[in-house]
Amino acid sequence: GAVVSQHPSWVICKSGTSVKIECRSLDFQATTMFWYRQFPKQSLMLMATSNEGSKATYEQGVEKDKFLINHASLTLSTLTVTSAHPEDSSFYICSAGLAGYQARDTQYFGPGTRLTVL
Amino acid sequence: QKEVEQNSGPLSVPEGAIASLNCTYSDRGSQSFFWYRQYSGKSPELIMFIYSNGDKEDGRFTAQLNKASQYVSLLIRDSQPSDSATYLCAVKGGDYKLSFGAGTTVTVRA
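Those protein sequences? They're chains A and B, same order as listed.
Under the numbering used here, the first sequence has 74 at position 74, and the numbering climbs by one with no breaks.
Under the numbering used here, the second sequence has 37 at position 37, and the numbering climbs by one with no breaks.
Check before you lean on any hint, since a few could be wrong.
[Claimed, not checked] The following residues of chain B were derived to be distant from chain A, with all beta-carbon distances above 12 Å: (1) Val-13; (2) Ser-82; (3) Thr-107.
[Said to hold, decoys possible] With the Cβ distance kept under 7 Å, some of the chain A side facing chain B (calculated, not the full set): (4) Leu-26; (5) Ala-72; (6) Leu-74; (7) Phe-109.
Just so you know, the hints here were simulated from the structure itself, not pulled from any lab data.
Beta carbons are placed, not taken as given, at the ideal position from N, Cα and C, and that holds for glycine.
Chain A extracted, bound-state conformation (with noise of 0.2 Å):
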């Protein structure tokens, strides 16, 4: 149980194009979603926390305009990358927690998707 799915699993594209990544939590529904940017030798960066009908909430540093989320059902998350740029090249990853999410739950990561922007 628990599963997350991304899509796609890699993606190139040309520069000032846009990107979109879905998230989907196949068999439980998730209130809450977090997307994640990983650039290569370093760890997981918190971009946004996705609530399912309601706006993201962006960590700071992270462009809101640039990185819009939408979270339009309990089980998909979607985050589009817009004009994308080389510099935007990274592991996207989301995670999901369980419907009456708990400071203790736990998160379950999708298997991520790997942006290059040529």
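Fit chain B to the known structure of chain A by using the hints.
Frame of chain A; chain B shown alone:
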């Protein structure tokens, strides 16, 4: 941002030995603590979580938590080559957010 510190390693241990990983955190209000394993190019997978002071064992893994010292550790007994990975310590406070350490790379020598 909560700070989570780990020794970056690499930590090299012979097969069958015990690997010991350490983690300290800055936020005394932290409530739950997690160890994730991450293979190269993959996303993290949960190994263990611990909430209360003391030890928690799960198979070959033992997590130890000392809230007074703001310290959490992970022991891997009978290390196997398949345990070679980066181990991430993660800490969660009342805001439900996970803060990750930089990770410790473990190499198990056959």
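Hint by hint, here is what the structure shows:
The claim that B/Val-13 lies off the interface holds: its Cβ sits roughly 21 Å from the closest Cβ of chain A, which is beyond the 12 Å cut-off. Distance check for B/Ser-82 against chain A: the nearest CB is about 19 Å away, which clears 12 Å, and the non-interface claim stands. No Cβ of chain A approaches the Cβ of B/Thr-107 within 12 Å, the least distance being about 15 Å, so the stated non-interface status holds. Using the Cβ-Cβ criterion of 7 Å, the hint placing A/Leu-26 at the interface with chain B is not satisfied: the shortest such distance is roughly 15 Å.
The beta carbon of A/Ala-72 is not positioned within 7 Å of any beta carbon in chain B (closest approach about 20 Å), and the interface hint is therefore violated. Among the interface hints, the one on A/Leu-74 is violated; its C-beta lies about 16 Å from the nearest C-beta in chain B, farther than the 7 Å criterion. The interface hint given for A/Phe-109 holds, since its Cβ lies 5 Å from the closest Cβ of chain B, which is under the 7 Å cut-off.
The earlier numbered hints that this structure contradicts are 4, 5 and 6.
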